[in-house]
Structure formats: C-alpha cells, structure tokens
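Please take these sequences and the hints and turn them into a complete structure.
Number of protein chains: 4
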Amino acid sequence: MNVAVIGATGYTGLEVVRLLMQHPELNVTAITSDSQAGAMLTEVYPHLQGLVHEPLQRAEAMELALKADLAFVALPSGLSTGLVPELLGAGLKVIDLAGDHRLSQSDYEQWYQKTPPSAEVLAQAVYGLPEYYADQIATARLIANPGCYPTATLLSLLPLVQQGLIDPDTLIVDAKSGVSGAGKAVSPSSHFVEVNENFKAYKVGVHQHIPEIEGVLSQHCGEKVTLSFTTHLVPMTRGILTTSYAKLTSDVSTEELLALYQETYRDQPFVRIREKGNMPATKDVSTSNFCDIGLRVDPRTKRVTVIGVIDNLIKGAAGQAIQNANLLCGLPQTTGLRTAPVYF
Amino acid sequence: MNVAVIGATGYTGLEVVRLLMQHPELNVTAITSDSQAGAMLTEVYPHLQGLVHEPLQRAEAMELALKADLAFVALPSGLSTGLVPELLGAGLKVIDLAGDHRLSQSDYEQWYQKTPPSAEVLAQAVYGLPEYYADQIATARLIANPGCYPTATLLSLLPLVQQGLIDPDTLIVDAKSGVSGAGKAVSPSSHFVEVNENFKAYKVGVHQHIPEIEGVLSQHCGEKVTLSFTTHLVPMTRGILTTSYAKLTSDVSTEELLALYQETYRDQPFVRIREKGNMPATKDVSTSNFCDIGLRVDPRTKRVTVIGVIDNLIKGAAGQAIQNANLLCGLPQTTGLRTAPVYF
Amino acid sequence: MNVAVIGATGYTGLEVVRLLMQHPELNVTAITSDSQAGAMLTEVYPHLQGLVHEPLQRAEAMELALKADLAFVALPSGLSTGLVPELLGAGLKVIDLAGDHRLSQSDYEQWYQKTPPSAEVLAQAVYGLPEYYADQIATARLIANPGCYPTATLLSLLPLVQQGLIDPDTLIVDAKSGVSGAGKAVSPSSHFVEVNENFKAYKVGVHQHIPEIEGVLSQHCGEKVTLSFTTHLVPMTRGILTTSYAKLTSDVSTEELLALYQETYRDQPFVRIREKGNMPATKDVSTSNFCDIGLRVDPRTKRVTVIGVIDNLIKGAAGQAIQNANLLCGLPQTTGLRTAPVYF
Amino acid sequence: MNVAVIGATGYTGLEVVRLLMQHPELNVTAITSDSQAGAMLTEVYPHLQGLVHEPLQRAEAMELALKADLAFVALPSGLSTGLVPELLGAGLKVIDLAGDHRLSQSDYEQWYQKTPPSAEVLAQAVYGLPEYYADQIATARLIANPGCYPTATLLSLLPLVQQGLIDPDTLIVDAKSGVSGAGKAVSPSSHFVEVNENFKAYKVGVHQHIPEIEGVLSQHCGEKVTLSFTTHLVPMTRGILTTSYAKLTSDVSTEELLALYQETYRDQPFVRIREKGNMPATKDVSTSNFCDIGLRVDPRTKRVTVIGVIDNLIKGAAGQAIQNANLLCGLPQTTGLRTAPVYF
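First to last, the sequence lines map onto chains A, W, G and U. Each step along the first sequence adds one to the number in the UniProt record's numbering, with nothing skipped, and position 153 is 153. Each step along the second sequence adds one to the number in the UniProt record's numbering, with nothing skipped, and position 96 is 96. Each step along the third sequence adds one to the number in the UniProt record's numbering, with nothing skipped, and position 198 is 198. Each step along the fourth sequence adds one to the number in the UniProt record's numbering, with nothing skipped, and position 202 is 202.
One thing to keep in mind: the hints can contain errors.
Treat identical chains as interchangeable: a pair holds within one or across any two.
Claimed, not checked - For lysine-lysine, the following DSS-like pairs were computed, each having C-alpha atoms within a straight-line distance of at most 30 Å:
1) Lys302 <-> Lys224
2) Lys93 <-> Lys276
3) Lys302 <-> Lys114
4) Lys67 <-> Lys93
5) Lys114 <-> Lys224
6) Lys203 <-> Lys114
7) Lys203 <-> Lys184
8) Lys276 <-> Lys114
9) Lys247 <-> Lys302
10) Lys247 <-> Lys224
11) Lys93 <-> Lys302
12) Lys276 <-> Lys203
13) Lys67 <-> Lys276
14) Lys67 <-> Lys302
15) Lys184 <-> Lys276
16) Lys247 <-> Lys203
17) Lys276 <-> Lys302
18) Lys114 <-> Lys93
19) Lys184 <-> Lys93
20) Lys67 <-> Lys184
Derived by calculation from the structure, the hints in this document are not laboratory data. Bear in mind that the values here come from a model prediction, so they are computed numbers and not experimental data.
Right, here's the structure in full:
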C-alpha cells in the first residue's frame, strides 16, 4: 500500500518516515512539509543521507490522492482540522497523530482553545488505541491516533477501571516525559541549558490530554471520571513514565492484579507486564513500540500504584500509528514494528 | 567554633566541607574517613587541590573532642548509631546527617532493618527542620538532620496540615530525585549508561523516608497520617522535586493558600513561595539552600497540588546541617549560606 | 547459519544479540555468560522481556560447536586469547570483538600487558575492516573485528594515506567517545555523578588502540606511522567522533579531497561522505552501522582536518561484526543492517 | 565601588550579577537590558527571587555614569563597539566581555565580519588576561576581557611559547565546550533534542577566537603563530577543555615541563598545575574561577600534549571580568572569587 506522510519534518513525522523504511508492506510515496516544500528531508536531517529520496512537497489533498491510499497526518494541533476533510474527500484514509479528532467539539474548544472539526468528520473518527479498539480501527476511514500521555495512562489503568477495582474519584496520575514530546519548535523552554540538569512540572492540571484520558476512562467505567493529572519534563530525549494512584474498592493483592493484567493483555503483542517487585523504566522500551507495566498494592494505604512506560515517539505516536495502519490493511499488528528496544 | 566533619569523602560530607570553606564562623579542624585515613581529600577529589589542607583521619571520638566542639556526622545509615554516643560522651555536640536518629526505635528497625540507637540517645535528638523546630534546635546537643525527601515534602505540606485544610487520608506524594542522592558507592544502578536517558521509579511504597514524613505530619496534624509515597530517579546530578496531592476539606482558592504559605514562611530566609501560575523547577534552587514552593487548587477535583524543590545535597543535607549549626551557635541562620543559586 | 554469541551480557555482546534478532539469515542458537550461566538474559536486561528465549550457558567450545557454525566472541581483552583456539579447534569460525587478535605479539604484550595469542592463531587472523579487507574476510576462519576508535580513525584517514597526500609524521588524532565504550563494569569513573556534566581526557598517549591504528596505516603508507592519539570521555552513552589533523604534501582543495573520498567509498554501503561545509555529528549515525566523514583543507595552515563519526557499539563493534559475518557467509554486507539512524 | 552590568539577561551578564552578589567591595547599582527594560531580572530568572531588587533599565551612558564608576559590558559581539565609546566618554571605566576590543581592526573585520571599533578606542584597550597583563590592567580604562577558548588555550600554551620549547608551526588546539558558551538565544542548534546525546564539531578552522589566540601567542613568541583550531560542542552546560599538541624543540621531560608550569604560575591564585599522570576534567573547576592544567611529553612522537580546563562562564567570562575589576580597584585578585568548585 502506498502512503503519504504529512508533516515529515516534525519529530513524529520524522519517526513515521523512519519506521516506514523498515516496513515490508507500506511504501512511502509522498512526504510533505509546507514550510520546506522543494527541499530534501536530508537537508534538515543529515542522518538520513542516502536513505530518503522523495523531495518534500506541499500537502495538496488531490495530488496526494494520486500517489497514496493512506495518509499519516503529523501536523501541530489545529492544522489537521483543516486538512483532514480534504484528504478524506479525496478518497484517502487518514491516521491523524494530532489531537484534533480525539475529543468532543466542546472539550476540544475548551482544552485546545481552537476551532474543532465538524461533527460530520468527528463522527467518522475512531480512537486508535489498538489494544482496546482493534475492530473499529480495522474498518475506519479516519483514525485519531492517541496522545502520548493517554497511551501510557490508559494502558496502565483500563484493566482496573473495567473491572471496577478502583474508586475513580481517587485517581491521580503523575506523568513524566522526555523533551522530544514538546516537538521541534525552538523556544526558551527547549534550550539545552534550560532543560539540562533540571526537572520541572508544566501545565499543572490543565494539560490538553486530560479530557482525552477522562473520556476513554469514563466510557469504560460507566461513570464520569475526573482525575488529577500533572505533567513533568525530564532532562532526556525520549520516554514517558506515568505513575498512577487509586484507592482499591476491595481487598486484592499485587499478585491478583498482575494476573488480571497478564490476562487482559495476553494477546497484545506490545504490552508487557512485569513480575511482582519489578517496575519498568523508560529505557526498557526505548526506540520500540512496547508499553511495559508494573504495579504494587500498598497494604498500608489500600491504594494501588501502577507504573507504565512507553517511548513517546513510538508507542506514543509514530509506532502506534503504524500499528493502526497494519490493522487498517489487514496485516498483523507487528508488521514492521518487531524491533527490540535499543539499550541506549 | 571548631568543627569536625565525619565521613568527608561521601557526597554529603564533601558538601559540608565545601560549604564550611565559605563560612565565616565555623572552622574545620578535622575531617575523617575511616577507609582513607592518612590520605588527603584532594586525592579523592582533585577539584579541591589547594583548598583543603587537613589530612583525613580516623573518627576517634576522644581525639576529635580535643580539636572540635561540634561534629557533622555524614556516615551511611547504621554507622552513626555506633559513633554518636561516643561523640556525645566526649562532649561534642552532634549534627547527624544519617537517618539513624530521626525515627522511633520500632520504626527504625522496621524501615531500615538495622539496630536502632538506644532510647537514651534518641531522647536527646531534636529533629533539625529549622523552619519548624528552631527553638529546640538552638539548645540541642544532638540534631537529627532531616532526610532530603522529607525536607521538601514537609515544607510543602505542613502549612496545609497544620491548618486542617486537607484530608490526610488522601495524601499522595510523588517524589523525584537526582542521582547524587544515592551516594558515591558504585553499583549497576548508578552506572552512567544505566541512568542516562532513563527515568524510573524505585523502592515504590517502601522508601525509608516514609515513616519520617508521616511522623512529623502526624505530630502537626493531631492524627496518624499514612500516605502514598513513590520515589523516582531523574537523569541529573542534583535536585529533588516533590509533587504532593490532597483533597481539600473546604472551598479555598489558590490565592488564599498562597497567602497562607507566604504568611507561614514570612520570616524564614530559605523558603520562597511562587506567585500564582508559577511552579518552581529544580534548577531554580541548584547549589543553594533554598526551598521553593508553588501550588494550585484544581477546581475540577477539589484537590491541591503542591510542588516543592530543593537541592538534595544542600537544603536536603549539608546546607540544612549548617543552618542547624548556625542556630546551635546563636548565629543568624543564613551565616555562610547566602549564596544565590547557580543557573547551571 | 547458526551462530553463538560468547559474552552476551556485556554491552557489545548484548548489541550483537539485538542486531541478530533482526537478521534474516543468522540464527542465534547459543548465548553465553560464564558468570551468569543458567540465568536468562532478561534477568539482566528486562528490556528484552519476551524477546530472548535462550538461557545463558557457559562457553564450552565443544558444546557450542554442536549448535553453531560461527561464534561472535565479545569477551574482555585477554579472555578471548584462551577461548578462540578452542573454538577454532572445534570447527567454529570466529569473529573476535576483543583486541586480542589485532596486533603482533610484541605490540599486544606492550600495550595490553597481557599474554598474546600464539603465532599460529595470529597467523590465521584477518583484520575485519570490510571497506579495506573484504576479500580476505570472506575466506577467513578468524576475524579480528576492529576496535571502535580504529574504525573511525582508519576510515577517516586511509584515503589520504594511501594516496600519499599527507605527511604521516604530522598526524594527530583527537578522539572522543561516549561512555558505553568503557563497558558495563562498575567503577568510580563510570558513576553517573562523575561522568555527567563532565568532559575529560583519559589514557593520554597510551591507549591500546594506538598500535592498531598505526599498524594498519603503516601497511597502507609504506612507512612506519607514529601518531599522537588522545581519547576523551563525552557525557553521553553512544558515539565516537575523531578529529584528525595532518599536513598536506601538496596543494589540494577541500573539493578535491571530498571527490577522492567519494570515489574511494563509492561502493561501500556504510560510509557516507558529507558535502563541503558540512561536518557529521555523532547523532547522525546513532544506532546505525554508518560511518559519516567530513573534511576541510585549511589554507592558513596547509593542514587537512577530517572528522569521522560512528556508533561505537555498532560500526565500532557489533554492527561491524555482523557486516563481517555477512561477508563470511556470502551475503550482501548490508543484510540485517539496513536500519536508518534513530534521531534519538 | 559602584558598578553597572550592561546586558544582564545573557548568560555571562547573569553570571557577573551573581558573582557580584558575593563580592564585598563592588556594589551593583544598575543592571541593563534594552530588550526587557522595566522588567525585573527575576521575571526572566526565577531562581533569583528575593535576591535582585534593581529593575532592568536601558543602557544610557550618561545615566549609568551617575550611578556607577565601572561598567561590565556583556553584550553580543558588535553591540559593545557602539556603546563603549559613550561609556568611556561619560567617565566610566569599562570591562568588555564581548570580542570587540580584542583584535586589530583588520582582524576584527575579517573574522567577525562587523565594523570594528575606532583606532582611538582600540588604542586604550588592554587585554584582560591577569596572569600575563596584570600591570597594564591595573591602570587601564578599557579592558578587553578574553574569550573563553583563548583563556584556556593561552594559559595552557604561553609557558611553552615564551620559553621557545615548541615549534609554533606545529601547534594544534582541539577545543571542546559546553552549550552555555553559545549563549541564551534559541536556535535549532541549542534545542535539547539536538544537543543531548550528541557530539559535534562546529566552525572548523574559522572560529573567531583564532586570531585572538594567535595574536597573543605571536606577541610572546616573537614570530607569527598560525595554528589549527577546532571547536566542538559537548552535551553539557558548563566547561571548556582544550587539548593542545605541539612538537618539542628539545629533549625535555614531563617533569621538567610541569616544573616550568609550577614556576610560571606560582603566584597566580587561579591556575593549578596537576601532577604527572594526572589530567584535569571540566568538573574539577566547575562554578569556580580556576584554570587547571595537566600535560604529558610523548616520547614516541616528541610532542607535548597540554590539557587545560575552565568554567567557560567564570574564568572564561564573568569571573575573569571580576578578577580584572579587582586589579583595577587595587583589590586582591581573589576578592569575591574564593569559592571552591562545586562537585556538581
């Protein structure tokens, strides 16, 4: 299948391009960058010298439709809202890596403070978390690829929420991310000297991924979930770790919960559950599409602590997008994604 | 006043030595290291070439008593239990930077799994958090210098707990530390390649600082506090950031809470409160004795999020020890500690 | 072809294992670690959970010969000298990643200060730099896989030396490496706090890779080359960059030299030459088998400066070993190695 | 004495402000930033909360002359050329941390590609390397504070050059710097993701510090020195390390050269010479005004390798500026600068 990558010069678009290079079934026939149309991707990223031969072009839907059947849209939030209807109209299937198609119109307006997509387009969007929505993804025309924080958080919490094992009113998620999550744009807050040897919180309680997490949890919980969610910046390039806390509704043990997680994710090739006493680190999944999860029941507080890790650019963005593309194409989910984490 | 530094080759002992170099009233007359007695500190730490002239000696209480009136004990947990009674017996005042004199005997046994100090010695120990115990510190013979995590956590939470503004059953503290907190001993977990580009949790729910925090909070709360506490390792050298969450017991605003904190710490030279919308980062206090605090009331969840930062080796260890020594000597708390954070 | 990896728990052995996972023709049938025989590799490296199923075994030549036709030996220097004759005797072909079979007996004794291999074994060893010794490699029984620094240095300098374009007496190589090059052993010098925010030289003028570089250069130069070589440690995990300086023997331009390099490496799939004005960075080759080279003629000093970069664990070790294995097996050199650098 | 800091929001200006806080004789009475006049420095740098009370003002010479006797000018290259004559005209003494007053007019034009200062102003400028020009500095009205790379390089090489111990035609300096040297301006090349886990060369052979180094060396050598000089970027915040290579003109030993260095710098409080076999690392001088130097004679190549390290923002900029101010004011050079390196 021929695919286009829209916004190939951003970190997530770049990662989609790289992963597609090793994909046996998806051929990249177009890569776009409106700001650098006409240039070669290797001018921006010399590490790709000799590996990418397509010139960057502008994202014109009709033209792309002549070359590709599927488009990965890796644009900043707000921009995909404008382009996606054109791509759909031109007959392309779309996997949108931005946040534009993940929320209701009102939530999007409130949390992103931008104009939302139309109700018609939103109605077509399927939430692209393959571990929970594989069937809908397989037949979708528009996939809203999940955010990086929601991916780690939801995979960590859904088994508990689905089984009613925690009190949703007590949910707190303390999340930490490497700097690549903030994207390629330069700003004082991405300056090396500001980030290096520094750890800080940002967007405390107001991160735009909050309604995305709450929406999916609520759907699986049967009641409205409202959680505390704090994001922090780690002085490293890649990786997200979420530490989630909640009161247990019954007297379960660490072993029982681990068994539940093992069972829930038994057939999911990219979720790995740790043994008791063992918690995952971001390095354990670096450069891979895995999500590793560990947990512990604290008998002192009757709370469970769940720790989930992903590579924010892969399982949290580009890798998951390709996993979704595989489902869309009837391929095994692991096609082109079977690489071991690099112990970097 | 003449002082001795016991255990000068560890990171905290080293930092005590460095800070004392710039102290106008405290003279270092002895530095010890049992493992490297006879050597010069500059053989271990060439950055001190030309700056430290005392040879390292063994920690013999009677000998130290001839040279010094006050001893900073910067030994690993378990070792100060043996030495402190001898130092006290020889007439020295003691500031113990280890955890040995901060807990009840039973808590110490349970959480440190070592033999606790005697009841007689423990009865003399004053908890050395100057912002709350200055009067007792001033007349103490033995000061239990607080742990790094407890310092950041307690300064962040005590104003709320004292005023009954939060439900103590809902307290969750998610803590993050740089690697220097783990000390100078080599181990696979301190190897650069293991730590770099990695973020991980450790000792989830079982960190030995938990009873120290709970003990002080309980004392100020009037009831037994039990909290969830998770520690994480950040790929950086210095700094602790704690993110604390709790349900508010009444309808207070961010502004009201900030005003309370401003008032509580008005006369405390090392606690700085951030304005609304502003959260501190570890770099903001790096190499200084400050603790910076920011907070936010979340109207969606009725929880408050409090963020506190310190330099773990200074306000979390060596700097606080000197602040305590100042109180002990009737000096202004800021003596020798008035250095601005280095924007590293 | 079935292969064994000897010493799979070190960083280079681990990287051989990882790269072989994605190799279509080489099957790993045995992995060894004398110190951890019986354990699973995933106990040491949890990031491999679910990916490696062979238990670690002891390195017994006869037993390995039943399972494999080729052995990658990733042991510390000195240890492969003992094992390699046994492996050869048992009928295995061997690719030795240690330094033991790269030098003459006298050079090895002098620079490694260990007992060298026998003359009989050394006589069989072929130096495994595929860009210059492909024919000999293809028919070898024992391949001495080049050191990390020599790989970057030799690929940077051989075109100049072969053409007599530089005065070999003026050669200076200033080399910098990430910390993974020092291996997995814990030591004060690999402690995160010691390495982080630090840059230092080590083994100035006495690094054991000096005779390896000089030997190969001398062979291609026609006279004995003696060079200044300084190694430095960079606070990062992966990557080597060498900056080489030499007086030019004639009046050539940057363009002419770049054309020579382009021509020299035209058919070499893993050497990429930069355009004028463009110098490679270590990130440009990270996690890949590429060596990128840039250069500049300085008209002020009549010197040429050549900059070469590799991933020390891949082109500098494990990747090059697999490239050699491909040659040995009659496969295209790029088999299993066609992965783009990760923009980490 | 009252002093003004011009350009207080850049990294070097900020560091001048910080160091002056702990200076007993120099009072900061004005700090300027044309772009942020009217704001408080703490709005840009929250780590200074409670420590800096002067508002930022515009740099108006006449107004500054009412408040201060001495101005530290920490502006980007090109801007001090315009302001310095006004400051001098208003009666202020000036220490210029930019490169504008360090070169001849023609060299400045060629290497900085900007309009040079007038001959009249340049004639007043004294090169502010206290170890070699203390007498001239003490009576100067305008001090050209040395560049960061020249400081480390010149202190490393001048003893050899003065004694004619090396062949100046063979001089090669391979220099490495932390990222703070590139300043506070945001750019793709200072983005954390670009710098982290990366090592690269930049401005190969064309760095603007080359003529500054060559000029001073030539002056002490008695003939024109032309050297190869390559700068590299290290993924860390602070620190410069220079590795210098040159052919020796006679048969001297490492011990003899170390003795020469010891003798040369015997009375210099900020230069420390390492013992044989010991090389300095950037961490050894971090946050201090020290320059540490080690060296080795290589009997194989008849070259000497000299390694020098400084904190680029202190001995390479702000600290040296204050050292110069001390000389100008008749104070001991160490006034306000006697802080030990922080083992960060």
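Checked hints:
1. Lys302 <-> Lys224: For lysine 302 and lysine 224, both the intra-copy (22 Å) and inter-copy (15 Å) Cα distances are at most 30 Å.
2. Lys93 <-> Lys276: neither (42 Å within a copy, 42 Å between copies)
3. Lys302 <-> Lys114: The answer is between: 27 Å across copies meets 30 Å, while 41 Å in one copy does not.
4. Lys67 <-> Lys93: within (13 Å within a copy, 48 Å between copies)
5. Lys114 <-> Lys224: within (24 Å within a copy, 47 Å between copies)
6. Lys203 <-> Lys114: Cα proximity of lysine 203 and lysine 114: one copy only (17 Å, versus 42 Å across).
7. Lys203 <-> Lys184: Answer is both: 19 Å inside a copy and 23 Å across each meet the 30 Å cutoff.
8. Lys276 <-> Lys114: The answer is between: 25 Å across copies meets 30 Å, while 44 Å in one copy does not.
9. Lys247 <-> Lys302: Both ways: lysine 247 and lysine 302 sit 6 Å apart in one copy and 17 Å across, limit 30 Å.
10. Lys247 <-> Lys224: The answer is both: 17 Å in one copy and 18 Å across copies each meet 30 Å.
11. Lys93 <-> Lys302: Cα proximity of lysine 93 and lysine 302: none, with 46 Å in one copy and 42 Å across.
12. Lys276 <-> Lys203: For lysine 276 and lysine 203, only the inter-copy Cα distance (13 Å) is at most 30 Å; the intra-copy one is 33 Å.
13. Lys67 <-> Lys276: neither (50 Å within a copy, 34 Å between copies)
14. Lys67 <-> Lys302: neither (56 Å within a copy, 51 Å between copies)
15. Lys184 <-> Lys276: between (38 Å within a copy, 26 Å between copies)
16. Lys247 <-> Lys203: both (25 Å within a copy, 20 Å between copies)
17. Lys276 <-> Lys302: This pair counts as within: shortest intra-copy Cα distance 17 Å, inter-copy 33 Å.
18. Lys114 <-> Lys93: within (24 Å within a copy, 54 Å between copies)
19. Lys184 <-> Lys93: Intra 26 Å, inter 44 Å, cutoff 30 Å: intra-copy only.
20. Lys67 <-> Lys184: Within one copy, since 27 Å is at most 30 Å while 44 Å is not.
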